[in-house]
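Using the sequences and the accompanying hints, generate a full structural model.
Note that the protein sequences, when read in sequence, are chains A and B. Anchor point for the first sequence: position 53 equals 53 in the numbering used here, and the numbering is continuous, going up by one each time. Anchor point for the second sequence: position 64 equals 64 in the numbering used here, and the numbering is continuous, going up by one each time.
Calculated from the structure, these hints are not laboratory results. Heads up, none of these hints are tricks.
DSSO-like mimics (lysine-lysine), calculated; alpha carbons at most 30 angstroms apart, straight line:
id, chain 1, residue 1, chain 2, residue 2
1, A, K158, A, K113
2, A, K109, B, K225
3, B, K217, B, K236
4, B, K117, A, K116
Given next are the chains, with one letter for each unit.
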Amino acid sequence: MTNWQVILNEHGRAVWNTAYRLLGNDADAADCFQETFADALTFSRQRQVKNFRALLLRFAACRALDVLRQRNKKTTPISFEQIPDFDVPSSDCPACDAENKELGETLIKAFAKLDKDEAEIFYLRHIENLSASEIAQTFGLKENHIGVIIHRTKNKLKTLLQNSYGD
Amino acid sequence: MENNEDILNRAVDALKNRQTGELPNDVAKQTAHWLKAAQSRGNNLWSIFRPSLAAAVVLIAASALIYFFITNFNAGSVAWADVQHCIQRITFAHCYNTCGRDTEAWYINGVLYFMEKDTISKDDGKTKYVYNAAGELLSYSPSDFVELMLGENTSPFVLLTQGVFEYDSNDVNSKVPVYIGEDLLVYKFDAPKSMDSWTKGVVITAGRQSKLPIYIKLIPKDSTKQTDIFIFDYEKQELPEVITKISSRK
Chain A
1 MTNWQVILNE
11 HGRAVWNTAY
21 RLLGNDADAA
31 DCFQETFADA
41 LTFSRQRQVK
51 NFRALLLRFA
61 ACRALDVLRQ
71 RNKKTTPISF
81 EQIPDFDVPS
91 SDCPACDAEN
101 KELGETLIKA
111 FAKLDKDEAE
121 IFYLRHIENL
131 SASEIAQTFG
141 LKENHIGVII
151 HRTKNKLKTL
161 LQNSYGD
Chain B
1 MENNEDILNR
11 AVDALKNRQT
21 GELPNDVAKQ
31 TAHWLKAAQS
41 RGNNLWSIFR
51 PSLAAAVVLI
61 AASALIYFFI
71 TNFNAGSVAW
81 ADVQHCIQRI
91 TFAHCYNTCG
101 RDTEAWYING
111 VLYFMEKDTI
121 SKDDGKTKYV
131 YNAAGELLSY
141 SPSDFVELML
151 GENTSPFVLL
161 TQGVFEYDSN
171 DVNSKVPVYI
181 GEDLLVYKFD
191 APKSMDSWTK
201 GVVITAGRQS
211 KLPIYIKLIP
221 KDSTKQTDIF
231 IFDYEKQELP
241 EVITKISSRK
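Spelled out as structure tokens, the structure:
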């Protein structure tokens with residue numbers, strides 16, 4: 001029987017980081033955190049889980065990206081609570097910090113414009129540093145396929161970033 | 001000039017380095033508790049924590065506040081005692097949340113009914129029945145509230161108050177209205193422990209004539225967040241046909 005307390009202790013922090021990094025506030029991150037574990041529980045009842053960390057991070061990214069897409073769809077003025085408070089560690093160059101902050105936010109917005117799997121896979125590979133093999137296992141795809149998706153996504157992101165930032 | 005690759009790399013680094021803060025203890029604890037409960041139950045208890053249904057839980061939790069006051073306030077607060085006295089006789093209440101959630105709830109003779117989009121659920125604290133918009137039974141499962149069980153025959157209201165409202169009765173017994181208008185009585189309470197992280201306090205407005213709560217306002221700590229307001233009425237005439245149909249079944 002799965003010991004969820006151990007899993008929570010081991011991976012809770014990583015799940016929280018993923019949720020908060022993408023959503024930028026406690027309330028949304030907390031919902032995402034709980035939903036992630038709910039999804040994992042449901043999944044584990046149907047299938048054997050070989051890598052809980054990868055699975056949890058995938059579900060967390062998936063849930064958080066869903067919220068981002070919802071935010072993007074809203075045509076009404078966005079409430080302050082939904083605007084991520086984007087903090088990056090400060091360096092000796094305040095101008096660079098501000099620029100990086102903006103870049104990070106632009107990347108998050110770009111994620112919301114990608115296809116679901118593309119955004120999740122890119123996020124897991126490049127932000128969470130999961131290996132292509134771990135991602136492949138979690139998504140039930142071949143490693144080569146993951147490589148292709150990442151490559152394609154990278155190109156899309158470059159264009160999206162260029163459009164909204166590079167001019 | 002910086003190329004696209006560099007821009008993307010910098011964006012990735014910025015996101016990677018984004019400060020995320022500590023995992024809040026209460027979130028971890030709640031999740032651990034729910035996981036344990038769900039695992040021991042072996043069914044989809046988690047559904048009540050999903051956003052759509054979470055709205056319903058909060059909605060009824062607000063209603064449960066009234067029940068809490070019935071059972072926990074003493075008669076020391078005369079004005080509130082009057083309200084208590086009237087609430088004690090309620091067998092029907094309707095609650096509507098204004099916080100953008102499309103959920104309504106009814107309390108009818110100890111049974112809770114929720115209406116969400118195209119489904120209606122009925123929960124008597126033992127079993128939860130789900131119906132379609134025509135009132136046809138779609139499924140049933142153990143009550144969503146049974147995890148907070150005190151006893152098999154306990155009202156869902158009491159079950160909920162045990163889980164959500166944690167006032168020490170000594171702290172609230174002495175409360176009197178902070179405002180007495182021609183038509184209204186306004187009571188103000190500190191946030192219950194379980195809502196302490198996001199709620200500053202609870203304001204209950206009751207009709208001076210009817211002495212029944214008209215609305216409950218949950219004031220968020222973060223002033224940029226929307227205030228949750230729960231509007232109550234006690235008019236059976238307004239009961240949707242489908243709820244009448246479902247509630248009349250044995």
